[in-house]
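Make the full structure from the sequences, and use the hints.
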Amino acid sequence: MPTFTLGELAKLLNCPAPVGAGAVITGVATLQEAGPQELSFLGSDAYLDQFHAARAAAVIASRKVRVPETSRTVFVVDNADLAVAQVLERFAPPVPRPAPGVDSAARVAATAVIANGAAVGPMVVVGARAKVGTGTVLHSGVVIGDDVVIGEHCEIFPNVVIRERITLGNRVIINAGTVLGTDGFGYRWDGTKHAKIPQIGTVVVEDDVEIGSCVCIDRAKFSATRIGKGTKIDNLVQIGHNVVIGPHCIIVGQVGLAGSSRLGAGVVLGGQVAVRDHVTVGDGASAGACSAIANDIKPNTIVSGTPALPHRQNLREQAALRRLPALLDEMRKLQAEVALLKKSIEEK
Amino acid sequence: MPTFTLGELAKLLNCPAPVGAGAVITGVATLQEAGPQELSFLGSDAYLDQFHAARAAAVIASRKVRVPETSRTVFVVDNADLAVAQVLERFAPPVPRPAPGVDSAARVAATAVIANGAAVGPMVVVGARAKVGTGTVLHSGVVIGDDVVIGEHCEIFPNVVIRERITLGNRVIINAGTVLGTDGFGYRWDGTKHAKIPQIGTVVVEDDVEIGSCVCIDRAKFSATRIGKGTKIDNLVQIGHNVVIGPHCIIVGQVGLAGSSRLGAGVVLGGQVAVRDHVTVGDGASAGACSAIANDIKPNTIVSGTPALPHRQNLREQAALRRLPALLDEMRKLQAEVALLKKSIEEK
Amino acid sequence: MPTFTLGELAKLLNCPAPVGAGAVITGVATLQEAGPQELSFLGSDAYLDQFHAARAAAVIASRKVRVPETSRTVFVVDNADLAVAQVLERFAPPVPRPAPGVDSAARVAATAVIANGAAVGPMVVVGARAKVGTGTVLHSGVVIGDDVVIGEHCEIFPNVVIRERITLGNRVIINAGTVLGTDGFGYRWDGTKHAKIPQIGTVVVEDDVEIGSCVCIDRAKFSATRIGKGTKIDNLVQIGHNVVIGPHCIIVGQVGLAGSSRLGAGVVLGGQVAVRDHVTVGDGASAGACSAIANDIKPNTIVSGTPALPHRQNLREQAALRRLPALLDEMRKLQAEVALLKKSIEEK
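Chains as they are written, first to last, in the working numbering: chain A, 1 to 348; chain Y, 1001 to 1348; chain E, 2001 to 2348.
Simulated from the structure, these hints should not be mistaken for lab results. Hints should not be assumed to be uniformly reliable.
[Stated by the list, open to error] Partial list, derived from the structure: chain Y residues whose beta carbon lies under 7 Å from chain A:
| hint | residue |
| --- | --- |
| 1 | A1092 |
| 2 | A1105 |
| 3 | D1234 |
| 4 | N1235 |
| 5 | L1321 |
| 6 | L1324 |
| 7 | P1325 |
Using N, Cα and C, we set each Cβ at its ideal position, and we do this for glycine too.
Shown next, in the form of structure tokens:
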């Protein structure tokens, strides 16, 4: 990894040059883990104890944190998360990539078109009439089907499978082990067996999408399963046939979107969320981890729970459920009391 | 994709030849998406608005739908879903496959037996004594272990791994990225560590099974993990060691079946369902998405919820839970009322 | 598979030699499935019916089971599970492996260091400066990134991807289709798009870890995502960036650990459990299947439910929930009764 001096990092963060500006910094770490050549960060008062004990060469601190008097080098910034991201961008080592051109151990169909400046690694297979744009990298073991179109400056990590007739925009990242274009899960009972319903559609992945590892995005029954521009999908997510996802969504690990469900723009789904088939989640809506969304969700609402409810309602119900065992006891007691009252009235 | 005339499609659907029977149709799409050269469909009254606005060349409509007077070409059929499936079968383009024979970039063990008419693609590895039946296709990057037996007319999509000694029937489809035959997850604590319990069994996949992408089916501790004939498994499903699945089941995405669980015939499990180890789900039973099945389920019952309950009971409980916060308030109120009554009686 | 005589197996189990000690035994199976040349086992009274009907050559029985008088050969042992594991170890056929050395169809970087006695199979790719220890096996289609360090006697099954700069200890097993070192899922909204936060850390897998198939373990934002020694991870598990897992944990299939969550030593997580980001699960704690852990869990506690609660509390709440619909009816009845009482008092 590259290294920087304290002074260089101060300048990057628009902070005054510290004492010992020439000290070499080799990376970033948490307050607990940072060594004397590393930078760390303090985002909230909750970590002040760790701040005092830290061995870091310097600490990036949010302006909102009440940093105590210290001899330590502190870079005070408006937003520590953003500052850390900026520093990480400098430290980030380049991703190792196969050299531009087609590796001798790749198998590329004669009718495929690999742009100048694209890189095709070893053990890669590219099908007939497939197109790969300039700057795009196909890492080792990737399989690209016939008639696939991949835009420019995409990065397809090892052992990804992109089945026939799929289209990817520009600057798309697909992480290792992911599969695009499996037939949608559609059968009809013909009296003796589940007969396969042909899935003749495709998958369209728009510009600037990133897709995690071991994600499955199924081919549409007809027309296209679609992932909107700038959407980010975490690992092990299942996306059924004919799902349409809007732009700039965030879909966390192990989410499952059943067939023909729709997400608007800027939707955020927490880990392990399930969305029922044909359900629509409106623009800007978000769902807490593990929610099961069985009905349409209005734009800009927050839901949680199984089944998913408006978040506040879910919190209220959960709080009430915590008190339910006691409520049953109180009910027994009150019933007994009322019976006694009744008796005492009848006796009067 | 192939194209058809309107007249050819009318004949396929047993409908009278329409006006303009020579018009060329290029595919199928939803009412909202279909262009003037595409066919669409109307399965329920709910979509009548879309029907009026549609640009499709013709619309397949279920007899039960009250289709309004229209100059549009409408094919009235008993079952629109079935009719669409029939049309899709005609439009379905063939799956691109490696040519029959063994690709020069495949590695096939000298003792493996590849039937005439089987196709082994590039970067495929086939182990010692493995047998691959006629008509079977091993797509790019597939890895077949020693002593595996694969029947006839199977299709194994790219980068699938089938470990040693697994057996597949005929017409089995395994989608990209799936792994069969990993050791079952079994350990015993030996006082200092989790010692591995050998998993010496196998996996048997019967005829006409389809398995999705990134599915994991583990090898049995002994004897076999078994997938019954005609069963269909969606993506990202986990099937533990010694699971036995009956024929014609439907297992939707991200389901997890723990070790030694059993599904009868025709069981349907919704997405993300979990089944506890050693639990039996009876013939014809079905479980709603996200159910957690912790106890045996009787045949032909419907369950839902976490934990899974009879579906009607779950609906009743959920409806009651929606009213629980109000119930707590009512309880407080009633307790106060009873206390007042009591006081007023004592005062009398 | 190897075979043994009944007498050899008796000796292995420290049992007296049976009548017919020379009979050949070919394997182990359940009481229902075992044939006349197989061994079976009886771990509890619940299976006595199956014991009577069994065709097995001999049965291993736990001392605690009240085995009836029988002419059948029975090996009585303290712990049938342990005895079966011991027998399975003998019957276990060796895992087929590529021969030591580098296969001619592998692509190993000139600067990689493959120890003597390591085996690199066909279609494997090993990156620059990677190190592979003695006795380690890289099965077909494995992709090892630049600067990866793999210890001794590891086994990496087919099509696994280990991205750049990851470190594995000794005797690590990684099952087919798993991906280590994908970028953690981290973005910041820059006003117009989700900008990627560089993930410059790594993954460290300690000695004697086993990882299932299609597991995703993400690279840390900085420093390392860490899997403690002797921990065992089942299939389809998601492990986010900067997660730290202690030694000797058991993580069952489809679990999801969000970023920066921490598991202590000896933690057990049932299938499909979710752990929220930055949450700590204490040493020796365990969580029932499908739990959603949203807050820190104290050491040696058992939790279950969504959200996860102390297990006994969850059982109490679930029992109360079963009675909630009836409680609502009782409430209506009691309210009516109190209204009547009130009226009758006012009338007096």
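Hint-by-hint comparison with the structure:
Because the closest C-beta pair between A1092/Y and chain A is about 4 Å apart, less than 7 Å, the hint holds. Annotation: A1105/Y was flagged as interfacial toward chain A, and the flag holds, the nearest CB pair being 6 Å apart, inside 7 Å. Taken as an interface hint, D1234/Y checks out: its beta carbon lies about 4 Å from the nearest beta carbon of chain A, inside 7 Å. Hint on N1235/Y holds. Least Cβ distance to chain A is approximately 4 Å, under the 7 Å limit.
The beta carbon of L1321/Y comes within 6 Å of a beta carbon in chain A, closer than 7 Å, and the hint placing it at the interface holds. For L1324/Y, the suggested interface contact is upheld, since its CB lies about 4 Å from the closest CB of chain A, less than 7 Å. Because the smallest distance between the Cβ of P1325/Y and any Cβ of chain A comes to about 5 Å, under 7 Å, the interface hint for this residue holds.
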